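Colleague: So you can see what is in the structure, the chains are spelled out below.
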Amino acid sequence: MPLVATDRMQTLPLPIKVVPAEKVEPSRLKTEEMVLNVGPQHPSTHGVLRLEVVLDGELVIDVVPHLGYLHRCFEKHCEAMTYPQVIPYVDRMDYLASMNSEHGYAMAVERLMGIEVPEKVEYIRVLFAELQRIASHLVAVGTFGLDVGAFTPFLYCFRDREDILEMFEKTCGARLLYNYIWVGGLSHDLHPDVLGMCREFVKKNRATHKEVNELLTFNKIFCERTGNVGILKPEVAINYGASGPMLRGSGVKWDLRRNDPYSIYDRFEFEIPVGEGMMGTVGDCFDRHWVRMREWEQSLNIIEQILEQFPQNDKTDVQKAIPKRIKPATGEIYSRCETARGELGFHIVSKDDIKPWRVKVRSPAFTNLAMLPIISRGYLMADMIIILGSIDIVLGEVDR
Amino acid sequence: MTNKEVYDHLKARFGSAIGDWNEQTGSDYAKRMSSYADITDAGAVHNICMHLRDEPTLEFDYLNNLSAMDNGDKTLSVVYHFESMKLGHHFAMRVTVPADQAVVPSVTDIWAMANWHEREGYDMIGITFSNHPDHRRILLGDDWVGHPLRKDFKVPEFYRGMKVPY
Amino acid sequence: MFDGLRDLFISLIGKGALTDVVTIVIYCALPLVVILLYALFAILAEMKLSAWVQDRLGPMRTGPYGILQPIADILKLLQKEDLTPVQADRKIYNLAPFMVFIGSYLGFAVLPFSSEYIGARLNVGIFYLIAVSGLVVVGILMAGWGSNNKYSLMGSMRSVAQIVSYEIPTGLAILAVVMIAGTMDLQTMSKLQEGGIQNWFLFGGPKNIAGFGGNYAWLLTPFMFIAFIIYIVASLAETNRVPFDIPEAESELVAGYHTEYSAMKFALFFLAEYANMLVVSAIASIVFLGGWNSPFGSFLGGPILGVVWFLAKAIFFVIVQIWIRWTLPRVRIDQLMNICWKVMIPFGMATVLAIGTIVTWLAH
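Residue numbers (the working numbering), protein chains in the order written: chain L, 6 to 405; chain Y, 890 to 1055; chain X, 761 to 1124.
Hints are not guaranteed to be accurate.
When the alpha-carbon atoms are kept at most 27 Å apart in a straight line, the in silico DSS-like pairs for lysine-lysine are as follows [to be verified]:
| no. | chain 1 | residue 1 | chain 2 | residue 2 |
| --- | --- | --- | --- | --- |
| 1 | L | K81 | Y | K1040 |
| 2 | X | K775 | X | K808 |
| 3 | L | K81 | Y | K1043 |
| 4 | L | K81 | Y | K1052 |
| 5 | L | K258 | Y | K975 |
Pairwise CB distance ranges (calculated) [claimed, not checked]:
| no. | chain 1 | residue 1 | chain 2 | residue 2 | range |
| --- | --- | --- | --- | --- | --- |
| 6 | X | W1101 | L | E276 | 53 to 63 Å |
| 7 | L | R211 | Y | F1047 | 54 to 64 Å |
| 8 | Y | R1039 | L | A179 | 29 to 39 Å |
| 9 | Y | P1054 | X | E841 | 26 to 36 Å |
| 10 | L | E309 | X | E841 | 49 to 59 Å |
| 11 | Y | P1045 | L | I359 | 25 to 35 Å |
| 12 | L | K209 | X | G942 | 50 to 60 Å |
So the derived list for chain L, only partly shown, Cβ under 7 Å to chain Y, looks like this [to be verified]:
| no. | residue |
| --- | --- |
| 13 | L117 |
| 14 | T335 |
| 15 | I338 |
Simulated from the structure, these hints should not be mistaken for lab results. All of these numbers come straight from a predicted model, not from anything done at the bench. Even for Gly, the Cβ is constructed at its ideal location relative to N, Cα and C.
Isolated chain L, as found in the complex (with noise of 0.2 Å):
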């Protein structure tokens, strides 16, 4: 309804419109929400994520993600491939954390088979999974320390995930898609220079802890930011199936390493560190980043008993136990491994054929992300880029 002025003001002389008090209606000057298109091109949406942000001036009321800009058809590509020839798109899923998914996958495939491996093999096969869940974890650590705006740890971070990338490269030549975890085995020897490489680097990277944690976790503005912020209470943490240090961050005392031991986990001391609530509530988004560094900690208490423990004289062959031919019997398997994001199952179904049936990959990324729209209703928009980052999304397993 167009306003206009009474008669009486139109006939005076005024440069203006005046309009009178009582045709404003109450109902006009309401404010309206704001939808607003976080991605899939915005700096900290850690990949191509788009999330529909619906705003009230700068509160958050709704976010709908919307996924599937890297969707590549993993689970397609798997069953027109064998099941060694699956590992490369393995490695493209989570590409910060190839390792692990590697060892999810191979593991899945040894345990639809019964292949026992190597006792070799599974401490090189832990040793890189432990450093891929560092690098994995220096980036998240990195990244979140972004998002809050801090931009200087992000480079402490990546500085030390080159000396891991560079053991991994001398090992495999490749550093972030490895292809190295085969089914049964391995596909190079552990290179004799990376048990010295890496304890140096065990060294070097207990001082970036400490650094990243005084420069960031312990910065004051950083814990006024992130404490109380995000909040995932323990029971909806569990019914939405969060895993990893996204669960752990609630305070429940899971991982997998421990509450279901696969490959040699059984052998080593480490603790599993919980969300406490040091700067507000249990399960906000400081609590999420503090689980991340103390198990980049315990990692790296893990990598020092494997290099304490780790058999250098033992010249078993690596590929030693690698069928001849990888065809399992009809069946199928859920098999399931930590990884830097949490529990990443692989749901293989077999036809007694050399390729799988049906892969689905219960993906931690994936289930975790559900989680933002519940957890970030009420927060500010600054907020909202806080928890997208504490939950430390790889887009690349996410939409697979």
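Using the hints, position chains Y and X against chain L.
Modeller: Quick look at chains Y and X alone, frame taken from chain L:
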């Protein structure tokens, strides 16, 4: 409880809705984690799941995985893997429905985790989950035709009039 | 200095209206030269300092040790396409960067670069400075509104709320000094602080001038430190620097109010940001640290070295701002407002009260 005992318990409770027990033999792990019960009556899934979660001796509070799959014989399946974090036991079950009438009750109200996984199952396989709160495609675009993980899926030659290059 | 310059031109091109115009233009353009040279330096400093903080080398390829990088950047910005979004409000959109830059440039008019050079010696100098910095807000709001982009709008709204709030603690901190100095003229303020470091307002003001409390002025020092800290923190917020850079928080708002700007218009925002940093740093150095005065009294003093001292002090604060930027995370908007209204303004009020009491006591 072992998963076989859970199966026996369900069989006693739900009778004919529970079908055969499929034991996996690949390894101990497979036997423990992936042996599954066939559910013959798809309509009973919601009740069975409710029972699995709420029965004090079972208490499956965590849904590990929900996969939809095409069996290749004009039937589709949904496989559920459960875990009880409190009691530490596992269970798996599989419900099979005909492809032309693929409707399975949603369990999103029991485990919120199922929400996105059911959407993925609908998107990829084309199973309709009844009573799902947000039944949309999730990974593919809204205008996509067909369900690509079906075994009889043909890659379309044209997408909105554009030739698909391959 | 103006007369000296005029005499120089009279001797060169003779007396006349042209001479006056040329003199005025050159006299006014001097700060612009300073800004441009300083901007080149500040861009490089930002790159290199951030690199050192972050364990990197920074730009190394353009020129020896990468020192030509700012020039390369400016050339790049000059070549870029000047985009205007179709949906933008063209007039407002195109005018905004100039408003922002003019706002910061106007501030240079009253800055005493040395005892001999000041653009315009206003008797309300510091008051004028606070007033014209409000013009920057108008420019930012125009940029946010004119771009017709939600991120820009949110950024500019945040910016306005922030700058308007933080002008209060800034004003209070400066008021504390104005009470001691008894003047708002920046040149007079600088002159009062002559004679060495102990006479700077940070340490209670002049001890050697009659009517200023003499050695009792040391009593003011703790309160002046509080005022100084309040000023430094508030100036970070006024220039939208970390930890108060929420108007252009790249992780939330992409680039805030200048998201839609490209090429030279973006460069103007960039330049204005750095110019603004220099203005607030210059105020800090004039109001608290003696401006163009040498810390050693007349040793190393004088009009020429005065410029060096003045710029050195100002640039020191610019470097502190850069250093803080690469160290701290960013606060949230409600925390930002809390810091302003619940911490800095009460402290500022208390400081003003305390200093007022002491000054009154000293005057009697």
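Colleague: All the hints need checking, so say for each whether the structure fits it.
Modeller: Checked hints:
{"no.": "1", "hint": "K81/L <-> K1040/Y", "verdict": "holds (10 Å)"}
{"no.": "2", "hint": "K775/X <-> K808/X", "verdict": "violated (48 Å)"}
{"no.": "3", "hint": "K81/L <-> K1043/Y", "verdict": "holds (12 Å)"}
{"no.": "4", "hint": "K81/L <-> K1052/Y", "verdict": "holds (21 Å)"}
{"no.": "5", "hint": "K258/L <-> K975/Y", "verdict": "holds (11 Å)"}
{"no.": "6", "hint": "W1101/X <-> E276/L: 53 to 63 Å", "verdict": "violated (43 Å)"}
{"no.": "7", "hint": "R211/L <-> F1047/Y: 54 to 64 Å", "verdict": "holds (58 Å)"}
{"no.": "8", "hint": "R1039/Y <-> A179/L: 29 to 39 Å", "verdict": "holds (34 Å)"}
{"no.": "9", "hint": "P1054/Y <-> E841/X: 26 to 36 Å", "verdict": "holds (31 Å)"}
{"no.": "10", "hint": "E309/L <-> E841/X: 49 to 59 Å", "verdict": "holds (55 Å)"}
{"no.": "11", "hint": "P1045/Y <-> I359/L: 25 to 35 Å", "verdict": "holds (28 Å)"}
{"no.": "12", "hint": "K209/L <-> G942/X: 50 to 60 Å", "verdict": "holds (59 Å)"}
{"no.": "13", "hint": "L117", "verdict": "holds (5 Å)"}
{"no.": "14", "hint": "T335", "verdict": "violated (10 Å)"}
{"no.": "15", "hint": "I338", "verdict": "holds (5 Å)"}
Hints 2, 6 and 14 from the list above are not met by this structure, while the remaining hints are.
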